[in-house]
Amino acid sequence: MTAAAIARRRFPIALALTAAICVGMQFPGRLDLSALALMIWLTALTVAARPLLRRLWYPRFYAFSGVLVLLSGLVLGEPDLALGPIALSSSGLRAGALMLVRGIQIFGLTVWAASLYTRGEMQAAVTAERAGWRLAIAVALRLVPDLAEKLHAAWRDRDRSGPRLARLETATVGLIRATADIAEGLTRQPSTSSPRRIAVSGPSGSGKTTTLRGLGRLLASRGLPAGGILQPVEHDGDRRRGYWLEDVATGERREFARRRTDSDRGFDFEPDGWGWAAQRIREARRDRALLIVDELGKVEAGGGGHLTALMEPAAGGRDRLWLCGVRHDALAEIERQLGPFELVLAPAPESADLDRYAQRIALLLRGPEVPP
Amino acid sequence: MDAATSRRQHFWAHAAAFGALWGALEVTFGSFLHSLRVPLSGAMLAALGAALLIAVRQIEPRRGSSLAIGLVAAACKSISPGGIIVGPMVAILAESLLVELALLARPRSAIAAALAGALAVSWTVSQKLISQVVFFGGDVIKLYLEMLAKIARSLRLDAAAGWWVLALVAAILVVIGSSAGLWGRRVGRLAQTARMADGAAA
Numbered sequence: 035m036t037a038a039a040i041a042r043r044r045f046p047i048a049l050a051l052t053a054a055i056c057v058g059m060q061f062p063g064r065l066d067l068s069a070l071a072l073m074i075w076l077t078a079l080t081v082a083a084r085p086l087l088r089r090l091w092y093p094r095f096y097a098f099s100g101v102l103v104l105l106s107g108l109v110l111g112e113p114d115l116a117l118g119p120i121a122l123s124s125s126g127l128r129a130g131a132l133m134l135v136r137g138i139q140i141f142g143l144t145v146w147a148a149s150l151y152t153r154g155e156m157q158a159a160v161t162a163e164r165a166g167w168r169l170a171i172a173v174a175l176r177l178v179p180d181l182a183e184k185l186h187a188a189w190r191d192r193d194r195s196g197p198r199l200a201r202l203e204t205a206t207v208g209l210i211r212a213t214a215d216i217a218e219g220l221t222r223q224p225s226t227s228s229p230r231r232i233a234v235s236g237p238s239g240s241g242k243t244t245t246l247r248g249l250g251r252l253l254a255s256r257g258l259p260a261g262g263i264l265q266p267v268e269h270d271g272d273r274r275r276g277y278w279l280e281d282v283a284t285g286e287r288r289e290f291a292r293r294r295t296d297s298d299r300g301f302d303f304e305p306d307g308w309g310w311a312a313q314r315i316r317e318a319r320r321d322r323a324l325l326i327v328d329e330l331g332k333v334e335a336g337g338g339g340h341l342t343a344l345m346e347p348a349a350g351g352r353d354r355l356w357l358c359g360v361r362h363d364a365l366a367e368i369e370r371q372l373g374p375f376e377l378v379l380a381p382a383p384e385s386a387d388l389d390r391y392a393q394r395i396a397l398l399l400r401g402p403e404v405p406p
Numbered sequence: 029m030d031a032a033t034s035r036r037q038h039f040w041a042h043a044a045a046f047g048a049l050w051g052a053l054e055v056t057f058g059s060f061l062h063s064l065r066v067p068l069s070g071a072m073l074a075a076l077g078a079a080l081l082i083a084v085r086q087i088e089p090r091r092g093s094s095l096a097i098g099l100v101a102a103a104c105k106s107i108s109p110g111g112i113i114v115g116p117m118v119a120i121l122a123e124s125l126l127v128e129l130a131l132l133a134r135p136r137s138a139i140a141a142a143l144a145g146a147l148a149v150s151w152t153v154s155q156k157l158i159s160q161v162v163f164f165g166g167d168v169i170k171l172y173l174e175m176l177a178k179i180a181r182s183l184r185l186d187a188a189a190g191w192w193v194l195a196l197v198a199a200i201l202v203v204i205g206s207s208a209g210l211w212g213r214r215v216g217r218l219a220q221t222a223r224m225a226d227g228a229a230a
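Taken in order, these protein sequences are the chains called H and B. Mapped onto the working numbering, the consecutive letters of the first sequence carry residue numbers 35 to 406. Mapped onto the working numbering, the consecutive letters of the second sequence carry residue numbers 29 to 230.
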């Protein structure tokens with residue numbers, strides 16, 4: 035159980051009362067009372083939330099507090115003590131000790147107070163309701179990874195000729211314009227033009243990529259030009275060695291992830307691959323009727339990966355249908371973030387199954403683009 | 029959709045996008061500066077944040093927009109890697125409040141922009157002092173004042189010399205802040221002019 039969970043579950047009212055008493059004991063400004071309050075609080079934490087004591091170890095804070103005590107002995111009051119060649123004041127040291135004790139007390143109280151809610155709970159609380167600032171925060175939290183990427187790109191691709199200040203100014207103006215365009219896009223995108231969303235969902239190795247590839251070709255041959263990315267696996271015997279990224283529109287491929295050499299679990303991703311994939315997704319949303327995005331999994335369930343390019347506002351795009359490959363264990367979380375899928379299909383790479391799926395999609399679109 | 033709803037949507041859309049931009053700046057550049065322990069990194073980030081808020085006011089001059097962007101950016105900062113986030117979140121909110129107050133009367137004037145920048149950057153030092161008073165009590169201020177007096181005496185300077193040093197530091201912060209404010213105003217105007225030329229601005 036985490037420190038936060040323990041603090042929340044054990045004696046919350048008793049701890050709150052103890053905290054109030056300890057704060058009250060600080061008011062007279064007496065070192066003995068303040069020290070007693072600190073002892074009471076540390077004992078309470080030891081009994082009720084021992085793991086929180088570890089969080090009280092913050093060396094910079096204690097180093098700074100120690101310096102304050104010494105400075106108080108040196109600076110405040112008349113010197114009446116000798117520490118070797120240094121003359122110190124006992125009243126100054128007492129004042130410093132009082133500051134130190136109070137500091138640790140307040141620090142201990144804030145550590146406990148901060149443990150009452152996790153970050154996730156706080157974010158869930160502020161983004162729970164769809165109104166005004168709460169919605170703005172929810173949207174902004176999704177935009178941050180992409181804007182961080184834009185900041186990185188602005189730095190990476192900056193013009194390297196001409197005066198430095200002028201280049202900085204040009205890049206900043208570009209960034210502000212791009213952000214203002216995003217804001218405009220947020221208000222302009224009509225909900226009725228939202229593309230339909232279909233998921234092909236299953237566990238790893240169940241054939242999602244093959245199904246998406248086959249379905250993409252079938253739908254493209256029936257009038258829905260496809261774009262986006264596939265993420266085929268590279269095998270080493272029975273073992274997955276890595277992933278490739280494949281541009282659906284052009285067939286261009288690049289290496290994306292390699293299994294970690296020091297571990298049986300997890301992959302090392304090529305950082306530029308995310309940007310490359312995001313660019314293909316943006317282009318497909320802008321220019322293609324069918325967007326295919328493969329391998330939405332744990333990274334996307336955490337709000338990152340390919341999800342950021344899917345969440346971006348994109349006014350005036352031609353995308354009518356999204357076909358997403360989604361890991362079964364991440365489906366619920368991705369739906370929570372992206373919105374529900376209208377159809378969730380099981381991976382089925384056989385051509386008869388693909389034909390059947392194409393018919394269902396045609397019914398969903400109710401258009402002539404996918405004739406029977 | 030009625031006009032009031034449309035205006036409200038427009039307002040919060042700008043708050044979301046620019047709050048996310050400021051949040052991204054804090055999460056990336058801010059974390060980088062803090063991890064390198066660059067001196068005056070708080071003042072640098074405050075200057076950048078103020079410049080951004082003032083630039084946005086040239087595009088979205090509505091009252092309250094700086095505060096709304098600060099609120100969103102502070103929420104975005106909560107996803108920042110690293111343990112200590114409460115201090116930066118409070119700083120973002122306080123800076124946006126100060127910029128909002130400074131731009132309340134004339135959001136596009138140069139004087140207001142310079143004042144807003146100066147206030148936001150000065151806040152970084154004030155916040156350090158305030159947080160130390162919260163943690164250690166009022167004695168910490170007494171300690172600093174005594175230190176200043178002792179240093180002045182040991183250097184055989186007038187007791188007021190310490191105050192001059194403080195005034196010099198404050199003046200440097202004010203110059204940094206007002207320059208950032210004026211630069212933000214210039215960048216915002218350039219961006220708005222370019223958007224008008226593109227026909228994108230409403």
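Just so you know, these hints were derived from the structure itself, not from any lab. Check before you lean on any hint, since a few could be wrong.
Claimed, not checked - Selected chain H positions facing chain B (Cβ under 7 Å, derived; list incomplete): (1) Leu104; (2) Ser106; (3) Leu177.
What the hints assert, rightly or not - Some residues of chain H that are not near chain B, with every Cβ distance over 12 Å (derived): (4) Ile74; (5) Arg84; (6) Gly126; (7) Ala147; (8) Val178; (9) Glu218; (10) Gly300; (11) Leu377; (12) Asp387.
These figures come from a predicted structure and were not determined experimentally. Don't be surprised by glycine CBs; every beta carbon is placed ideally from N, CA and C.
Going down the list of hints, with the structure as the test:
| no. | hint | result |
| --- | --- | --- |
| 1 | Leu104 | 11 Å, violated |
| 2 | Ser106 | 6 Å, holds |
| 3 | Leu177 | 4 Å, holds |
| 4 | Ile74 | 19 Å, holds |
| 5 | Arg84 | 19 Å, holds |
| 6 | Gly126 | 9 Å, violated |
| 7 | Ala147 | 10 Å, violated |
| 8 | Val178 | 5 Å, violated |
| 9 | Glu218 | 7 Å, violated |
| 10 | Gly300 | 18 Å, holds |
| 11 | Leu377 | 30 Å, holds |
| 12 | Asp387 | 41 Å, holds |
Hint compliance for this structure: hints 1, 6, 7, 8, 9 are broken, all remaining hints hold.
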